[in-house]
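Based on the sequences and whatever the hints tell you, model everything.
Read off the chains here:
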Amino acid sequence: MSSALEVTGLGVRYRRTWVLRDCSLAVPAGRVAALVGPNGAGKTTLMHTAVGLVRPALGSVRVSGEAAFVAQDKPLYESLTVAEMLAFGRRMNRRWDGDAAAARLAGLSIPLRRKVGRLSGGQQAQVAVTLALASRPDLLVLDEPLANLDPLARHEVMRSIMAEVAERRLTVLLSSHVVSDLEETGDWLIVLNAGRLQVSGDIEELLDGHLVVTGPDEASTAGTQVVSASRTGGQVGMLVRGAPPLDPRWQARSPGLDELVMGYLRSPESAALPKLTGVGA
Amino acid sequence: MIWVTWRQHRAQILVTAAFLALLGVLLLGSAVEAIRYVAGHAPPGCPGPAVACGDLAAALERRYDAVYSVFGWMPLVAPALIGAFWGAPLLGREYERGTHRLAWTQSVPVGRWLAVKLSVLGGAVVAGGLLLSLMVSLWRPVFRAGGDSTFGNIGVFNMVGVDPAAWWLYAFALGTVAGSLFRRTLPAMALVVAGVAVTMFTLFRLSHYYAEPARTELTGTVVLDDQDARLVSAAWVEPSGREVADPSDSGCPRRVDAGQSSKNTEAWQACLFGKGYRFAVYYHPPSRFWRFQWTEAGILTLTSAALGGLAVRRTLRRPG
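These protein sequences, in sequence, are chains A and B.
When we follow UniProt numbering, the leftmost residue of the first sequence carries the number 1, and every step to the right adds one.
When we follow UniProt numbering, the leftmost residue of the second sequence carries the number 1, and every step to the right adds one.
Please keep in mind that the hints were generated in silico from the structure rather than gathered at the bench.
These numbers come from a predicted model, not from an experiment.
Ideal placement from N, C-alpha and C gives every residue a C-beta, glycine not left out.
Take these hints with a grain of salt, some might be off.
[To be verified] Residues from chain B that face chain A, not an exhaustive set, calculated with beta carbons under 10 Å:
#1 Trp3
#2 Arg7
#3 Gln8
#4 Gly98
#5 His100
#6 Gln106
#7 Trp113
#8 Ala115
#9 Arg215
#10 Thr216
#11 Asp257
Printed below as a string of structure tokens:
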């Protein structure tokens with residue numbers, strides 16, 4: 001399987017502080033990869049590196065084909081009209097599908113003659129996404145595309161992006177610090193925590209390969225690989241990888257996506273990367 | 001990319017063009033008015049070197065000064081405005097609004113984006129400066145039939161020849177760098193205004209060294225007859241030929257003048273000349289106009305190129 005985005009041994013630092021260290025991952029083409037992690041984990045830096053806004057200190061990032069990017073605050077030139085914004089995109093890109101962009105904006109009832117600064121936040125986000133899609137990218141990178149949007153707008157933006165993904169072979173990398181935003185849309189999960197990569201893999205395989213087990217405090221964890229554990233009263237809840245523990249007192253069930261993510265974020269030293277899970281390039 | 005540059009900066013381009021057009025109208029109007037005045041009031045043979053033309057020259061001088069005062073500050077203000085409104089926002093505004101993340105993630109590489117903007121806007125700035133120079137050069141002779149001051153008066157010197165273009169380009173480059181340093185428009189604008197003022201002062205001081213000053217010895221007067229020369233320094237020359245800054249043992253009585261009178265100083269100078277002293281003046285004659293113009297333009301253009309290079313380097317190194 002060819003990968004749309006390949007990150008190898010990536011290290012990024014601002015002055016003396018390393019914001020990303022030793023990140024290696026590959027997102028297969030055609031996937032919708034969800035990049036999650038707490039604030040300050042390095043999600044934005046990873047995305048900026050992928051689209052060339054940040055130069056890595058170590059390692060490399062390779063995008064096969066063209067990448068399009070929508071930054072977190074969805075920057076647009078506010079004094080330009082929507083039509084002029086499209087003209088900007090047409091002149092700044094090798095590939096440009098102006099008809100599709102115009103049709104998309106018409107479908108969203110966004111007036112072409114209005115100044116961008118006078119559109120609502122949701123409409124501005126849609127214009128930004130439209131510009132990115134119109135350049136016919138192979139990889140679409142969206143930094144917190146749903147932040148600052150009301151629930152209806154979130155749904156609209158997400159639905160329209162997914163429609164594009166379904167229509168053609170487009171790889172999407174989108175970030176959020178709200179896992180539930182990504183639950184229905186992503187099929188690839190990347191977890192970043194404090195500048196380090198913890199998880200990168202197919203969501204279904206990850207969920208299949210992990211269990212949430214609960215049992216008494218004194219039960220043995222032999223026979224399993226504990227990702228993280230939390231104690232409440234005499235009970236222990238654990239996220240484990242692979243087979244459940246041998247001790248029969250443990251009760252096992254499949255984790256939800258948020259349980260999986262939280263399990264890893266709780267113990268930054270754990271990792272489920274391609275070589276461990278056997279998924280990937 | 002050229003359309004993008006035009007669309008993003010057309011406000012500055014149009015305002016500058018309108019300003020130059022307005023100035024052109026003002027200069028043309030005052031010149032036409034002056035020519036009609038000359039036609040109506042000039043005695044026969046004027047303007048010319050005849051003594052009878054003195055009144056006319058004085059009247060023209062007054063008219064000239066009225067218009068000149070309108071833009072006496074222009075050698076300083078025009079470059080400062082160019083730097084603040086053409087240079088500072090070029091990168092400063094993009095960073096400030098976060099739109100650099102839009103502009104620099106399209107197919108056009110950052111380097112090309114910057115190269116087109118710098119060359120198109122830099123070219124426009126140079127053209128604007130040359131147009132200003134041309135208008136001022138066409139306008140001034142109407143008033144100055146006799147003595148000229150394009151060399152001696154630093155304000156006029158900076159508005160004729162190639163200097164306005166060099167100053168405008170320098171201010172534009174300075175503003176661009178300031179925008180990339182501060183990543184904000186307003187502080188960059190402030191730096192441009194301060195930077196242009198400091199540079200103008202520094203280059204004026206430096207200009208004495210653009211060439212070895214000419215030396216001449218005067219007797220009977222301490223005033224150089226060429227009004228347009230730039231004085232560098234002066235000294236007294238003893239009868240023995242030794243140059244001294246202050247002849248203290250000449251035996252001439254030197255009394256301090258009271259108020260605005262210079263009677264005592266003149267008497268002292270006359271006494272010195274009587275004893276065989278001469279007055280040495282170091283100066284740059286107006287014939288060095290183009291040498292000074294090209295030297296100053298060269299310094300400013302090279303600095304602009306260095307500043308532009310710095311802006312490009314900073315931008316390419318850490319675009320995000």
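Results of checking the hints against the structure:
| no. | hint | verdict |
| --- | --- | --- |
| 1 | Trp3 | holds (5 Å) |
| 2 | Arg7 | holds (6 Å) |
| 3 | Gln8 | holds (7 Å) |
| 4 | Gly98 | holds (4 Å) |
| 5 | His100 | holds (8 Å) |
| 6 | Gln106 | holds (4 Å) |
| 7 | Trp113 | holds (8 Å) |
| 8 | Ala115 | violated (14 Å) |
| 9 | Arg215 | violated (56 Å) |
| 10 | Thr216 | violated (59 Å) |
| 11 | Asp257 | violated (63 Å) |
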